[in-house]
Structures are given as structure tokens and as C-alpha cells.
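Each chain, written out:
Number of protein chains: 2
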Amino acid sequence: MSTAEPLATTPLKVAVLGCGTVGTEVVRLLTDSADDLRARIGRPLELIGIAVRRAGRERPGIDPALLTTDAEKLVSSGADLVIEVIGGIEPARNLILTALKNGASVVTANKALLAQDGSTLFAAAEEAGVDLYFEAAVAGAIPIIRPLRESLVGDEITAVIGIVNGTTNFILDKMDTSGAGFAETLTEAQDLGYAEPDPTADIEGFDAAAKAAILSSLAFHTRVTSADVYREGITDVTSTDIASAKAMGCVVKAVAICQLTGPDANGERAVSVRTHPAMIPRHHPLASVGGAYNAVFVESKSAGRLMFYGPGAGGPPTASAVLGDVVTVARNRLRGAAGPGESSYAARPISSIDTVITRYHLSLEVTDVAGVLATIANCFADHGVSIQTVRQQGRGADAQLVIVTHPAPDAALSATVESLRELDVVVEVTSVMRVEGE
Amino acid sequence: MSTAEPLATTPLKVAVLGCGTVGTEVVRLLTDSADDLRARIGRPLELIGIAVRRAGRERPGIDPALLTTDAEKLVSSGADLVIEVIGGIEPARNLILTALKNGASVVTANKALLAQDGSTLFAAAEEAGVDLYFEAAVAGAIPIIRPLRESLVGDEITAVIGIVNGTTNFILDKMDTSGAGFAETLTEAQDLGYAEPDPTADIEGFDAAAKAAILSSLAFHTRVTSADVYREGITDVTSTDIASAKAMGCVVKAVAICQLTGPDANGERAVSVRTHPAMIPRHHPLASVGGAYNAVFVESKSAGRLMFYGPGAGGPPTASAVLGDVVTVARNRLRGAAGPGESSYAARPISSIDTVITRYHLSLEVTDVAGVLATIANCFADHGVSIQTVRQQGRGADAQLVIVTHPAPDAALSATVESLRELDVVVEVTSVMRVEGE
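Residue numbers (the UniProt record's numbering), protein chains in the order written: chain A, 1 to 438; chain Z, 1 to 438.
If you're looking for bench data, these hints aren't it; they were derived computationally from the structure.
Careful, some of the hints might be misleading.
[Claimed, not checked] Only part of the chain A face toward chain Z is listed, based on derived beta-carbon distances under 8 Å:
| no. | residue |
| --- | --- |
| 1 | Val-153 |
| 2 | Gly-304 |
| 3 | Pro-317 |
[As the list claims (entries may be wrong)] Keeping only pairs whose Cα atoms sit at most 16 Å apart, straight-line, the calculated EDC-like set for lysine to aspartate or glutamate is:
| no. | chain 1 | residue 1 | chain 2 | residue 2 |
| --- | --- | --- | --- | --- |
| 4 | A | Lys-174 | A | Glu-188 |
| 5 | Z | Lys-101 | Z | Glu-126 |
| 6 | Z | Lys-301 | A | Asp-36 |
| 7 | A | Lys-301 | Z | Asp-36 |
| 8 | Z | Lys-101 | Z | Glu-127 |
| 9 | Z | Lys-13 | Z | Glu-46 |
| 10 | A | Lys-101 | A | Glu-72 |
| 11 | A | Lys-101 | A | Glu-127 |
| 12 | A | Lys-101 | A | Glu-126 |
| 13 | Z | Lys-301 | A | Asp-32 |
| 14 | A | Lys-301 | Z | Asp-32 |
| 15 | Z | Lys-301 | Z | Glu-156 |
Small disclaimer: the values here were computed from a predicted structure and weren't measured.
Yeah, the Cβ is synthetic: ideal placement off N, Cα and C, and Gly gets one too.
Looking at chain A on its own, in the form it has when it is part of the complex (with noise of 0.2 Å):
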């Protein structure tokens, strides 16, 4: 302490809303932590509160006095800091509301309210001159909303690639380690803890898109929502594709893509975001991003390639990211200051799926190989798509076709598998995939 100032000691009070896996580490390290929070902010935290929805249950480490079922009455009483860790939409978005009309400052992990209805909290945050601030919300404790929000501001940013979901990455990654289907997979994730019961917003791509929705809006000064974002989910996903995947250098990963697209012919650019399972080859950064962790790569104009890199979810490392939220947000409170409010001034427009350009990788179980391939192929020309490689699996009745093509509008390439059901000489459209990351 020798080169410190004495410190001021009239402590910013906070409060906390939720207190499960992240809500119980955050009251962890705000009262272990708190001699070096005091020191880096410059005053002591006092914790005035935790919200519960049960004041029954019994909750180690945590003193009973603090919590309450009172949510509403804790947020209107005069907090200088709220921890919103609840998830979800209400109540989170109204107790939000609430606390930052009162003047709280308020740093939130919730990627589904910030990506359906983030405008209005910025707007209200804004109204009274305090802070949102959401780093927890996007992987974890990988530091990547404030790179995008303030490192990277001056740069245009014209991708942002990402692992996002560690559920999904740690189903694929064992799929691929282990040769195993979805289901069986899915279940041993569960009882490893790595899913939840019910897994829908994982598998089914919603928390991905989610948080596409944050990274992009964020990375294009373009407000983007959840409902903005192409979403597929990973329960289609075979053994077969993942084999398939292998055979060409390539890993099946969960990915969310935020793309800056054109300009077109007026010079236009547009934004295009989705989240889907996709080939990767090996040798991309993001294709060796195992088990549970996630990743994010930004391409931008000057800065060139990024990656950040670390664990996506978990307690502690969320609260890592709440935690320093938290510091930055009373500093600049004790400076009367508030940091970067929503820009969204580019609003650039949201291109459909359609018209984005990708590649896709197909299978098909073809009735013969040798006199069928001109027919395949007529039917790609067709509609304008280049086939870049066909390689043949077996023959006779088993015969498959893998066909990987050049890159061509996503609406050109579904309207190709489309007609290629039709064929009488194609027995089955066994697996198509994109292919992303070169």
C-alpha cells in the first residue's frame, strides 16, 4: 500500500439479482475479493442485497440476512451497483429497468434479453447518465465485448466468427473423438453436467444466436436482435457428416457467423448473421477449440485476424467477467463518468440467408454411380452452382456421392438439393452441410 493515497471509504452499495451457479461466485468474490476490489476501485463494495425467487433453500457461504424475495423493493433502494445474473426475460428486464431509472449502474450476463430488447436498456441507461455493461453475456471470461466495443472502434470489423456455445462444441468435438450419434452423445453431456436437462436453447442454436446478435451489433454499429439471425441447430448432425467431415480435413463445429457483407452494385453493405453446424478445416484457428471452451475470430480492415480464446461458461469465469465489469463500472462512477452507450448508427440493412454466399458440403445415395454423375452435375448448372469436387463411396446400390461446392447464394444451393430430391437417379439427400472458414 505504500505508493496508494488513503482510500475513501464510503462504501458503493450493491446488489445482486439471481443467485445460482454465477450469482453464488460473484458473492463469493465480492466478499473474498474485497481488500483488492476496495483498492482497485478506490472505495469498498458494500453488498446491501441478494435477490432469490426461494429464501428457503440453503445457500453456503452466504449470509441469510442479505437475501430477500423482494427483487423490486431491492432495486429501488438506492444501490449504486446492480448484478442482474437472473437470465431470461422478465423478470430481468423490468428489475433492469427499474434499477437504472433509480440510477444504478447495472452489469448483466443476460444474453437473451440484451439480444431480443437491448435498445431499450441502452436507451434507459443512457436517460440517466449510468452504465450497461454485458462482457459476461459472450463467452464467458474471454474479454470480447469490450475489444469490440472500444479496442476495435476504430477499425472496421468485417467478420466475427465464434465458438459461442460450450455445449454444443463439447457434443461435436466428442462425436468426432469418439465416432458416437447425437442422442447418445447429447446424453452422456448431460450426465457429465456439460447440458442442461433440457437442452433446447443449446442444441437447437438459440443462445448462439443470441449472442451472434450481441457480437454484431456491436462489431457493425447496427442494431441486430435474435430474431435478425439465421439459426440452425445441431440435432441433425450424423456420425456420418462428422466421418464425412474427417475424410476432408474438416471439423464439424457449431459456429456463429457475423458477417459485413458487399458493397453491392450502390455501394451498399449489409450484415449478415447466422449460427449453424458447419465444416471447418483443420488447420483454421477455430477448428482446434475443444471440449467446452470457446473462441471468437475477428477479421477487421487494419487490425487484420484475431482470435481470443478461452473458457465460455462455468461459475467462476463469469463471474471473472461480471467481477470486472463491476470495477469498471463503479471507477467510472467515482469519476462521474459513464463508458460506451449502444452505436448503432451505421444501421446497416440485414441480409437474408439467401442471398449469403457460402459452400456446401452434400451426400447422396445415388441408384448407380457411373450413369448418374452427368444428371448430378446438369442439375448444379442448373442453378448456377459450381461443384468444386465429387468423390464416389462404394458402388452399385450403395453407392454415395460426396459433392463439395464452390462457394454460390445459400438460396441457389438449397433450390439445387431441392431439385436433386426430385431425381429419380438419387435415392436419398443423405447429409448436406456448409462449409466455412477459409
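For this one, chain A is given, so just place chain Z on it according to the hints.
Chain Z in isolation, oriented as in the chain A frame:
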């Protein structure tokens, strides 16, 4: 522009000091991206002057009317923001101090100055109530300063290990793939523009040491200067070292290592900072960082292991980092705020290299392997150093022993090497290198 309020029109005045590779690119971006910068800041930026050493030189794309050789006058002429990209200690130091005293916020890429005398600059910024930002000082475009200073400020960082010098990484990577020696590879790097005509700052580790000082100051809330950093360059790395590393599944990298050590018997923790070549296991995330790329690996208590990767140098990437700071600092200025200042409250002691616990890889030329192993093993045991593996290469007069130790204090390891050199059975200690990253 549909959602934006009418923009205020009074410009913020910007002065640029230095017009080399980075400065030229900064000026170009200030001009080409003026509309975006205005929208992101909320005010236009007005470039009021560029200080250069020689006025007569041809500078394509730069308005000659902006050039001045009177930098002192430029920083005293009412600039809101001063961008310093001259580098070196003087005149940069005095110009920055003058700018701060005159109420300008400063954005700098000057690692040498920050590592030598950062505290003076921070104190001047604090006194004037303005900002001192320096994202470009370490690892080019990779956001690492802001993540350490803000995102992870609620966590306890225990280690930062970085490949922070692109020149040495390029040389070692080339030596690894080509099998060529150091001198030859340096010449090649110079021909390709990856190494300076005078490469001392890079190959002797001065550049990496400055960056290590900055990173450890931020990570450990302690003043660390370049003088505190233990430093070894890469000039003694041989193709034999690189082949030895390969044989044990490692790669040789020049690393900057910042560690929080302890707690010792008195509960004290210290800071250890060093830069030197080291053998890194090929499966470590830093091992695959190739060419002139940089990467920084961070370990912290709650967040776990994070990695940041990207281009570490060059005009456009460095300018991207500078412009990100310019926007942040300009926004702060319009809100009457300032970002984080120096945080050195922890004031931890700096460990001597002697006490650092590390591992050594040694190659010894010995008279005859069978007869001498016991003598050599005794020599290690006498210094309390435990051997992990011994590998024999060649026979008789060409006999080589390759030894890897268990972790031990550096002083014990270097004393062992001294004793080995005095043994009759040891013809030569041909290589000594630390093994890191496990």
C-alpha cells in the same frame, strides 16, 4: 443515421507526433475513416498538425501544410488529443508531459518509454484529469492492455506468458522449419523486412522486456520497469537447440513470462518477470504461433486460461490499436471523464531470477557416456536438482548427453551448469535452455 441524434459539430483537435510507418497509417485512417470516427465519437476529429523531424521529405497522401518540425509548439497549441508514435525516450517523454500538462489526452504506442518511466506519465495524466492510453504498445492490434486493465480487473491474474516480439518469432520459426542457423536466418529476416538493419532491440530482448514490464505492471498492480526484467536474447540459439527441442516434442520460442509467485512462508507474493528463449511443448497454445504473429496467454484464478492472438506489429494493425484508443479517449473527453489510471497498490516485490522455479534442458558433450553418467548425476544431486530424463546421443568421442531437469530454483540450475563445466568428463556444455509452459 436514422437512430442518431444530431451530431455536435465542434471538432476535437488532434495532433500527431511522428510520421513513420505507424504515423502515416494513423493519419491515413483519421482522414479515410473520418465519417465513421465522427459517428462513433459523436464529434468530428480535426487533425491540427503532424510533427516530423525532417520537413522536406516526400510523404504521399499527407497534406504538407499539416507538417511541422516544432513538436513542442504543436503539443502546446490547444490539442484535445495527442497521438505519440515517435518511439524512444526523448523527445517523446517531454512532449507527452507537455501535452498532458496542457490538458490534452494522450494515446501512445511507446513501450520503451512506458516501461522505463510510465509512473511519471500516469501521475501527470492523473493530475491533469486526462487520459493516457497505450493499447498499441504491446502486441500491436491484439487487445491485451484493455483486457488486463479492465476486463480481468476483478480477477486475480497469476501468469501472463506472451510471444510479444514478431521479429524473434519469425526468426525462430524459420530456423525450426528450415534447419538453418541464427545468423543466416537473421539476414533473411532483414532482407524480408521482418528485422531492422540494427536488430539489437529485438534479438537481445529489449523490446520484449519493455512489453513484459508493461504487462506485469497491469496484471499484478505493481510498478515494474524494464530494469526489473531478467533478459536473455536469442542470439545464442543454435540449430542444435532447435533440433533438440524437436526431439523432445517442443519448439523454441522467445517468451515474455510474468508470474505471481508464492505465497512464501510469510504469506508474501512476489512478481517474477523475464524474457528469454525457451522450449515449449508443441501441444501448448503458444507453440503454434507462427511467423511474425504475436500471442498472449493469461492465467487467472477465476477466468482460467485465456489466449489472445493476432498480428503483433506493422503499420495498419498498430494504427488500428491507436485509433481504438483515440475513439475511447475522445468519448471520455466528451463525457468529462477519464479512463483507468495507474494501479500499483499491491506494490509486490520483484523476485530475482535466482529464485524462479523453472526447468532446464542441457546438452553436454562428454568423454564417454557409460563411465560418466554417475559423476554427472552426482553433480546435479549436489545442487539439489532432480533429473527428469537423460538421453544419450552418439558414442565414444562424439557422445552427447541430453538432460531435462525437474523444476528447481534457477540459481541451483545455473550453479549446476557451472559445476558441470569444471568436470573432467565434460568436454563442453553445448546448450542450456529453460523449458516452460506446462
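A quick look at each hint next to the structure:
1. Taken as an interface hint, Val-153 (chain A) checks out: its beta carbon lies about 4 Å from the nearest beta carbon of chain Z, inside 8 Å.
2. Checking Gly-304 (chain A) against chain Z by beta carbon gives a least distance of about 5 Å; that is within 8 Å, so the hint holds.
3. Given hint, Pro-317 (chain A) at the interface with chain Z, holds; its Cβ is 5 Å from that chain's nearest Cβ, closer than 8 Å.
4. For the proposed pair Lys-174 (chain A) and Glu-188 (chain A), the alpha carbon gap of about 9 Å is at most 16 Å, so the pair holds.
5. Of the pairs offered as hints, the one joining Lys-101 (chain Z) and Glu-126 (chain Z) holds, with about 10 Å between alpha carbons and a cut-off of 16 Å not exceeded.
6. For a cut-off of 16 Å, the pair hint linking Lys-301 (chain Z) to Asp-36 (chain A) stands: about 14 Å separates their Cα positions.
7. This hinted pair checks out: Lys-301 (chain A) and Asp-36 (chain Z) have alpha carbons roughly 14 Å apart, not beyond 16 Å.
8. Under the criterion of a C-alpha separation no larger than 16 Å, the hint pairing Lys-101 (chain Z) with Glu-127 (chain Z) is consistent with the structure, at around 8 Å.
9. A hinted pair counts as satisfied when its Cα atoms are at most 16 Å apart, and Lys-13 (chain Z) with Glu-46 (chain Z) qualifies at roughly 5 Å.
10. The hinted pair formed by Lys-101 (chain A) and Glu-72 (chain A) meets the criterion: a straight-line CA distance of about 12 Å does not exceed 16 Å.
11. For the hint linking Lys-101 (chain A) to Glu-127 (chain A), the alpha-carbon distance of about 8 Å falls within 16 Å, and the restraint holds.
12. Only pairs whose Cα atoms come within 16 Å are accepted, and Lys-101 (chain A) paired with Glu-126 (chain A) is accepted, the gap being roughly 10 Å.
13. For the hint pairing Lys-301 (chain Z) with Asp-32 (chain A), the CA-to-CA distance comes to about 12 Å; that is within 16 Å, so the pair holds.
14. Using a Cα cut-off of 16 Å, the hinted pair Lys-301 (chain A) and Asp-32 (chain Z) holds, with the two alpha carbons roughly 12 Å apart.
15. Taken as a hint, the Lys-301 (chain Z) and Glu-156 (chain Z) pair is honoured in the structure, with Cα atoms around 5 Å apart against an allowance of 16 Å.
Hint violations for this structure: none, all hints satisfied.
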